[in-house]
Amino acid sequence: MPFHIAYYPSPIGLLELKASATHLVGIRVVDAMEKEYNESSAIIDICRRQLNLYFANQLSEFTIPVHFSENSSSFNSKVWQALMTIPYGSTVSYQKIATIIEHPHSERAIGNACRKNPLLVVFPCHRVVRTDGKLGGYVAGIEAKQYLLNMEQIKKS
2 MPFHIAYYPS PIGLLELKAS ATHLVGIRVV DAMEKEYNES SAIIDICRRQ LNLYFANQLS
62 EFTIPVHFSE NSSSFNSKVW QALMTIPYGS TVSYQKIATI IEHPHSERAI GNACRKNPLL
122 VVFPCHRVVR TDGKLGGYVA GIEAKQYLLN MEQIKKS
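In the working numbering, the protein residues as written are 2 to 158.
Hints were generated in silico from the structure; no laboratory data involved. Here a beta-carbon is modelled for each residue, glycine too, at the ideal position from N, C-alpha and C. Hints are not guaranteed to be accurate.
[Stated by the list, open to error] Derived DEER-like restraints, expressed as beta-carbon distance ranges:
1. N151 <-> A43: 29 to 35 Å
2. G134 <-> F76: 21 to 27 Å
3. P3 <-> M34: 15 to 21 Å
4. H106 <-> L15: 32 to 38 Å
[Claimed, not checked] Listed below are the simulated DSBU-like cross-link pairs for lysine-lysine, each with C-alpha atoms no more than 35 Å apart in a straight line:
5. K135 <-> K79
6. K19 <-> K135
7. K135 <-> K117
8. K97 <-> K79
9. K79 <-> K117
10. K19 <-> K117
11. K79 <-> K19
12. K19 <-> K97
13. K97 <-> K117
14. K97 <-> K135
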C-alpha cells in the first residue's frame, strides 16, 4: 500500500503526517524533513486543516478517518481507543485508562502504549497523567505535553 508523507510545522515541533489513500496512519514528531518536499492527498489536506483548527483552539475533536497498523497489539489498540474518550481540556490518570480498558494495574503498559501512539495529538495521550497529578512522560517531551494541556484549557470563544 503506497503512503503519502507530508510535514506540518506545529507549536510542539515538526510533525510528519503519513496517510494511505483513505486513512491517516501516522503522526509523529521528527527533527527534520526526511524528504525535500511535502506530498499532498485528500487525507493529508484534511489532516492539515484539522491540525490548523486544533492549534488555533477551534477544534476539540478530530474527525479524520484513521487506521491502526496490523502490527498493533490488541492491548495497544484498546488503549488508543480509550484515549479518544478523554474530553478536550480534561485529563485522566493512567490508572483510569486501566479501568476503562478492564486491565487493572496495567499503568506501566498503558504508558508504553502511549509511547507507541501512532497518531500523536489525534489520539490524545497528552491528556493522560499520573495518579498524583504529575504529567508523566510524553513522546514529544514534557514541554510539548504541558503546551497542549495549557492550550486546551483556553476557553473557545
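Tested hints:
no.	hint	result
1	N151 <-> A43: 29 to 35 Å	holds (32 Å)
2	G134 <-> F76: 21 to 27 Å	holds (25 Å)
3	P3 <-> M34: 15 to 21 Å	holds (19 Å)
4	H106 <-> L15: 32 to 38 Å	holds (37 Å)
5	K135 <-> K79	holds (23 Å)
6	K19 <-> K135	holds (31 Å)
7	K135 <-> K117	holds (20 Å)
8	K97 <-> K79	holds (13 Å)
9	K79 <-> K117	holds (13 Å)
10	K19 <-> K117	holds (15 Å)
11	K79 <-> K19	holds (21 Å)
12	K19 <-> K97	holds (30 Å)
13	K97 <-> K117	holds (19 Å)
14	K97 <-> K135	holds (14 Å)
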